[in-house]
Each structure stands twice: as C-alpha cells, then as structure tokens.
Amino acid sequence: MFYRESGEFKTSYAKDNSSFPIAADKVIHVAMLVIALLVVPFMINDYWAGAVFLPFLIYAIAALGLNILTGYCGQVSLGTGAFMAVGAFACYKIMVAFPELNMIIVVLLSGVVTAGVGVVFGLPSLRIKGFYLAVATLAAQFFLIWLFNKVGWFYNYSATGQINAPTREVFGFNITGAEATPEARYLFCLFFVFILAWVAKNLTRGRIGRSWMAIRDMDIAAEIIGVNPLTTKLTAFAVSSFFIGVSGALFFGVYLGAVEVTEVFGIQKSFIVLFMIIIGGLGSIFGSFIGAAFMVLLPVLLKNILVGQLDWPTDIAEHLNFIIVGLLIMVFLIAEPHGLARLWNVTKQKLRLWPFPY
Amino acid sequence: MNLKKLAIAAAVTVTAAAPALAELVVPSLTYRTGPYAANGIPWADGFSDYMTLINERDGGVGGEKIRIIECETAYNTEKGVECYEAIKGEGALVFHPRSTGITYQLIPKITADNIPIHTPGLGRTSAKNGEVFNWVFNYPTNYWDGASGAITHLLNLNDKDIKGKKVTLLYHNSAYGKEPIRTLELLAKKHGFALSTLAVDHPGQEQKSQWLQIRRDRPDYVLMWGWGIMNQVAIQEAANIRYPMENFIGVWWSGSENDVMPAAEKANGYKSLAFFAVNDDFPIYNDIKKFVVDAGKAAGAGNMVGDRLYNAGIMEAMLTVEAIKNAQKIHGTKKINASMMRDGMEALKVDNALMKSLGMENFLPEFEVSCQNHGGNGIVNMSQWDAAAGKWSIIDANIQSDQDIIQPLVDQDSMAFAKESGVTPSCVN
Numbered sequence: 001m002f003y004r005e006s007g008e009f010k011t012s013y014a015k016d017n018s019s020f021p022i023a024a025d026k027v028i029h030v031a032m033l034v035i036a037l038l039v040v041p042f043m044i045n046d047y048w049a050g051a052v053f054l055p056f057l058i059y060a061i062a063a064l065g066l067n068i069l070t071g072y073c074g075q076v077s078l079g080t081g082a083f084m085a086v087g088a089f090a091c092y093k094i095m096v097a098f099p100e101l102n103m104i105i106v107v108l109l110s111g112v113v114t115a116g117v118g119v120v121f122g123l124p125s126l127r128i129k130g131f132y133l134a135v136a137t138l139a140a141q142f143f144l145i146w147l148f149n150k151v152g153w154f155y156n157y158s159a160t161g162q163i164n165a166p167t168r169e170v171f172g173f174n175i176t177g178a179e180a181t182p183e184a185r186y187l188f189c190l191f192f193v194f195i196l197a198w199v200a201k202n203l204t205r206g207r208i209g210r211s212w213m214a215i216r217d218m219d220i221a222a223e224i225i226g227v228n229p230l231t232t233k234l235t236a237f238a239v240s241s242f243f244i245g246v247s248g249a250l251f252f253g254v255y256l257g258a259v260e261v262t263e264v265f266g267i268q269k270s271f272i273v274l275f276m277i278i279i280g281g282l283g284s285i286f287g288s289f290i291g292a293a294f295m296v297l298l299p300v301l302l303k304n305i306l307v308g309q310l311d312w313p314t315d316i317a318e319h320l321n322f323i324i325v326g327l328l329i330m331v332f333l334i335a336e337p338h339g340l341a342r343l344w345n346v347t348k349q350k351l352r353l354w355p356f357p358y
Numbered sequence: 001m002n003l004k005k006l007a008i009a010a011a012v013t014v015t016a017a018a019p020a021l022a023e024l025v026v027p028s029l030t031y032r033t034g035p036y037a038a039n040g041i042p043w044a045d046g047f048s049d050y051m052t053l054i055n056e057r058d059g060g061v062g063g064e065k066i067r068i069i070e071c072e073t074a075y076n077t078e079k080g081v082e083c084y085e086a087i088k089g090e091g092a093l094v095f096h097p098r099s100t101g102i103t104y105q106l107i108p109k110i111t112a113d114n115i116p117i118h119t120p121g122l123g124r125t126s127a128k129n130g131e132v133f134n135w136v137f138n139y140p141t142n143y144w145d146g147a148s149g150a151i152t153h154l155l156n157l158n159d160k161d162i163k164g165k166k167v168t169l170l171y172h173n174s175a176y177g178k179e180p181i182r183t184l185e186l187l188a189k190k191h192g193f194a195l196s197t198l199a200v201d202h203p204g205q206e207q208k209s210q211w212l213q214i215r216r217d218r219p220d221y222v223l224m225w226g227w228g229i230m231n232q233v234a235i236q237e238a239a240n241i242r243y244p245m246e247n248f249i250g251v252w253w254s255g256s257e258n259d260v261m262p263a264a265e266k267a268n269g270y271k272s273l274a275f276f277a278v279n280d281d282f283p284i285y286n287d288i289k290k291f292v293v294d295a296g297k298a299a300g301a302g303n304m305v306g307d308r309l310y311n312a313g314i315m316e317a318m319l320t321v322e323a324i325k326n327a328q329k330i331h332g333t334k335k336i337n338a339s340m341m342r343d344g345m346e347a348l349k350v351d352n353a354l355m356k357s358l359g360m361e362n363f364l365p366e367f368e369v370s371c372q373n374h375g376g377n378g379i380v381n382m383s384q385w386d387a388a389a390g391k392w393s394i395i396d397a398n399i400q401s402d403q404d405i406i407q408p409l410v411d412q413d414s415m416a417f418a419k420e421s422g423v424t425p426s427c428v429n
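In the order they appear, the protein sequences are chains A and B.
Mapping the first sequence onto this note's numbering, position 128 (from 1) lands on 128, and the numbers just tick up by one.
Mapping the second sequence onto this note's numbering, position 68 (from 1) lands on 68, and the numbers just tick up by one.
Think of the hints as simulated: they come from the structure by calculation, not from any bench.
Derived BS3-like pairs (lysine-lysine); straight-line CA-CA distance at most 30 Å: (1) Lys163/B x Lys190/B; (2) Lys166/B x Lys150/A; (3) Lys419/B x Lys150/A; (4) Lys201/A x Lys15/A; (5) Lys334/B x Lys88/B; (6) Lys163/B x Lys150/A; (7) Lys150/A x Lys165/B; (8) Lys189/B x Lys150/A; (9) Lys289/B x Lys334/B; (10) Lys165/B x Lys266/B; (11) Lys190/B x Lys150/A.
What follows is a set of in silico ranges between Cβ atoms, one per label pair, in the way DEER data are often shown: (12) Arg216/B x Leu310/A: 46 to 56 Å; (13) Gln268/A x Ala295/B: 33 to 43 Å; (14) Lys129/A x Glu90/B: 45 to 55 Å.
Facing chain B, from chain A, some residues (calculated, C-beta under 7 Å): (15) Asp46; (16) Tyr47; (17) Gly50; (18) Ala51; (19) Ala159; (20) Thr160; (21) Gln162; (22) Ala178; (23) Glu179; (24) Ala258; (25) Glu260; (26) Thr262; (27) Thr314; (28) Asp315; (29) Glu318.
Built from N, CA and C at the ideal position, the CB exists for glycine as well.
With the sequences and hints as input, model every part of the structure.
Here it is in structure tokens:
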C-alpha cells in the first residue's frame, strides 16, 4: 500500500537506473538527510557528539570500507585497525607538515595514502584465500602498529609516542582541537559519510561492484567470463582502504584529538568493525550503517539505562554490557545469519505484498 | 530502527542528566573491569570510602555533601573521554582520570572547559609548570621524580657510584610507561650507568621474551613502570628466572599487595617507590571502619580496605577535600564551582600538622602548591615487600629527586607544549 512499485511508471532509462527506484525509499532517505542536516546540529552538544554521533558516523565509514572488501569482494580482512592507524598517522603528518592545507583535503589525502598501503597488503590476496588471507591481513595489523610505535618519525619524536591533532579550520570553523564546536565536528563527519556512502552505493551497483561480486561468488567462474582478478581484487583493497583511511583520519583528528596507537588502533578495532558488518549485513550499504549503530549505540544505551537510570554499580553494568552485547550478537547470528539488513529486506518484501501475502 | 534507538537513548540521557543542586560534585573515573582492575578497584574504593566518611562523620565539607559520580573507563581512553563529556555538565569540580593516557586526552578539553584535573603521581609530568598548565595539577610528585628517586636510591646503596652498572627499564608501552625514559637517559649520562629499555605491550600478560632478554643481559638493576596485570606477570617472571628481587624496583603503581601476592614468598624483597603511605596503621582507618565499613557503606565489595592502593584513593580524596575547604575559605561561599576549586587547589598547603589533625600523620610528603609549581617538591620513598609478614615497609625515606635534571626538562617540555598550542605562560587572574 505504502511501499511498492505499482503505480510508479518509469519513462526513461535514467529513472530506471536511479539509486532508489521506489518513491517511498527516496522519501525516507531525503527525510533522514534533512533531519541529520537541519535538526541534529541544533540539538547536539559535546556529549551527544562525542559519545553518539561522531563514533557512529566514523565507524559507519570504516564499516562501509570493510564491507566493500569483505562483503562485496569476499576478501576477509583483520587489518582494519591498522589501516585506520595509517589514515590517522597520515592525517597527523600532513596536518603538521602543511598547516595551511584545508582539512577536507588532508582527510582525502590520508585516504589516498591508506589506499596505497592497502594495495600493498592486498597483494597476497592474489595467491591466498579465506582464512589464509585473514592471517596475512592480521600480520598487517601487528606489523603496522609495531611500526608506528617503533619509528619516531611517525609521531615526530614526541616523548610519549602520542600524536596530537593541532587546531585546524575549514571555512573559518575549527574542526580539530579542543575549541572545535560539536556542531562543526558533526557536520564535517556527516559530509564525509554522505559523500562516501553515495560513492559506495554507486560503485557497488555498477560495473566495478559487479566484478567484485563475481569474484566473491566464484573467482574461477569470474575469471572465465573475463573478470581480471588482479585489478578487481586490488581495486577492492584500494577503495576499501581509502574509506578506512578516511575514517581513521576522522577518528584521530575530529573525534579523539590525541591518539596512542597501541591502545586505539589495536586488534580489537579490527574485530569491532568486522562485527559491525557481520551484524549489519555483509554486502549491504544499509547494513554498514545499522551495524555501526548497533555496536556504538547499544553500549552507550545500556550504560545510561543501567547506571544512569537504575543506579547499578558501574562494574556490574560494564560486565552486563559485555554479556548482553555478546548474547545479542549470538541471537542475531542464529535468528538472522544475513544480518540486520536482511531483516529490513524481508520487511520490504512483506510491505510490497501487503495486504495480499502469498 | 536506527532512529528509534536514538530516541530511546535521548529520552534516557535527558532524564538521567537532571542536575542535583547544592552538592559538591566530584567525578571518579574508575576501572573496576578489564586487565587493570586489580589495581583500579582498591584505588576507586579508597576514594569513595573517604568521601563517604566525610559525608557521614562531618556532614560533608562546610555543610555541603559530596556527591561522587563514578564512571567506568576500563582504562580505555575512548571510554574516558565519553565519561568526561557525560559528567562535565553536572557541575563537576575536579576530574581524577587515574590514567596517563586519559589525562593526555583530557588536558586540552579541560583547559577549554575550565575544569581542573588532578593527577597525583601520574599524568603529564611537565604539567608541574602551572603557568602553562593552569588547570592541571599533579602534586605531590611525578614520574620524573620517581625515576630520579629510584636512581638516587641505587646511588645510596652503592656509595654514590653506579658507574658502569647496567640498568634496564621495563615499561608499559604507552604514554605512561614512556614518561620516565628521558629523565633516565639524562641520569645515565650524568652517573655513567648503562640504560636499556624493554617495552611490554598492553595488557602485559605476555612477557616471556622481555625476561629472556633480561636473563641474557643480566642487568644489575631492573626498574619497572608497570600497571595492572603487567605487574603480577613481571614479578612472577622475575621469580621464574631467579632474578634477585632486591634489585627489582617498581614505580609506586607497581607495588600493591595484589601485585606481589601471586608470586607468594618468591616476591620477598621486591622494592617499589612510594609517595603515599604503604600500610594502614593510621588513626583515619579507625574512623573509616566505624563510619563506613561497619555501617555497611563501603564501596565495592568492601574487601580492599587497607590495601596499599586503597591509600592512593584516600590520598586523592583527602587532597580534594582539603582543596574544597580552601576554595570555600578563599571565596567565602559553600557552593563552589570548578574555577573556585582551581583557586583552592593552587593555594593548597599540606604539612604534617594538617595531616596529624586528619589522623594521617606522615601519610604524604609535605608540599605547597603555587602558580609556578603544580607538582610538589620531588620527595619520594623506597619501600620493600616482606612476604613472610605480608606487608610493605619503608627502607629509604625522604629521597630528594635530582631537580638539576628534572626542572630544565619540565621547563623545556612545558614550553614546547605552550608553543605548540599557542598558550602564553601566565598565572590565572
């Protein structure tokens, strides 16, 4: 009744190829965007930005990146944390070396640097697959973190080994540093999320995305029909690392402001992002968002309910948090192995047929 | 679904953030979970129990009750920042992050928000320069004093000559563990000992290769900047390679009962720096027992009372309460805010007469805070573990750290920070 194609007539190829073929879909997305742009910035404060929106947006970019590699191209990666670190350190070095450079360009350049590193560590994927590739990317995780901690050049020889984001502006508004307002930081991240999600959506439904999926579904068959595994796999690594690098740069510059590499970009980051795309849904743009929301918001929500509302001891709440999040992950994986995005797809199917299911 | 979740979170936080008025709000960032919990729990308990004692026995400070807001960080900087953002709106007077990593993260934020931060014996050492770090206090002592104090103790043992000795620093591979390296390097040059450093990665459960290295190098002394599970593992590993315990010296955060107990009698003779009291024979403990423990109001499980790190909590709480008293006196009002609290902290003077009146004689070294000196006078003690008696005792008291080395370092590092972040060194008001 509300959500269906019937009655919508497409009179041109461009319309037939639009991102959201169903009118209701378009309306929902535009409405979300309007809320994100025109409502949230007027309600946001330091807590909402720091605890909810910034981590959600930044992790969403990382999840999009990993989803391109793992969900669309089928190459399992456990190196997300290290690639985020590459983005963060690239961002730091560029910020310090070129103080005049616009932050948007700095973040994009960090993504480019990470894409380069990602391609290098993607080379083994041409020879090895599955678990073995996961182990190779795991090596990247440990090697890169060790490197950033060991070689002083990366952190400009600071005594603590930490990197600190200096204050930088975009169009006269502080984006990094302690003086940056939550509104500016939020809108800056939202801008990147919007652009990158758009790019990801269109990449995945075009030729490149289809060749990724062909490799994922059966690499030998894909090769026989003319998909070049070398370029396909390496573009997946490059694009995925670009996204992850951007998220790492934002994570360091805009969200945290100071980073200690062993603590912030350790193996647990790789796992969190991997959980996000598994729970959200492999091979789904929407799934990346819903997975990021699930992993970021649920602990905050639980903490606010258990400690803030029920006044429980903080340690018990924290332990319960682990248990509840862990249990929910298991329940979701058993009840819906294709992730939360699949639930949304099922709902869509039902809505299309409603009220005459068969 | 996404929006619905947000809406629920919104409703929850809005109702949760209703401010309670006319109270002295003191946040306590704790870590009762994770690999650092063994050290975090007694510390948090001591802090809460002292505040409970002040509320129960004295009816608060100047008639105003203290309200503690605990927030669990698990020693993780991201969670620490989230805690800070969540609590700062509630009228927090002073933050106690209890983590050097979180401290580094918070220093720019608290400076922008004008809320003081207190990091006794931890955090950024160069914050001792109060003209640059107006809102950061690290009295009564800091890591560079600790590093120098340990070397002075070694000098005392060796007739003031440790030329050619080999000293190894085993450190937590983080901002915390790296703090003493620069001081030790300069001291090595000055006294002619050979320094080598070995890093242990978070969380510190895996140290086989480091101890193999120590076994091969046979250093004369091993210093340790460890925290959490790293301490217990290191002491156990040292016992396994039969390293002489009396040559193994930890910083004050590597010297609680929880750290030495797992190695049982093999840990006998292990040394650790100290600046707050190492045992519980103080009259204040009678009051804590009477008003807090026996009244069933003890924090946590209540089984940490008297632990050495419980004293760290007491120390922190006592210094906070005295600073609140100061602030109330200076500004003539009971209801102080964060910037009044800062004035109270900057005017703090702790001497033995004061500590005696609180039932804590000789609990801490005496010190006086000023705008130029936020970090105390650099007095530390050396303590040793007696496994048979199951207690710590001070073996070398009132060691004066080498200010000829430390003061220039403090100036250099703090001025570098000032330049980096565009701060003009000056006192507030």
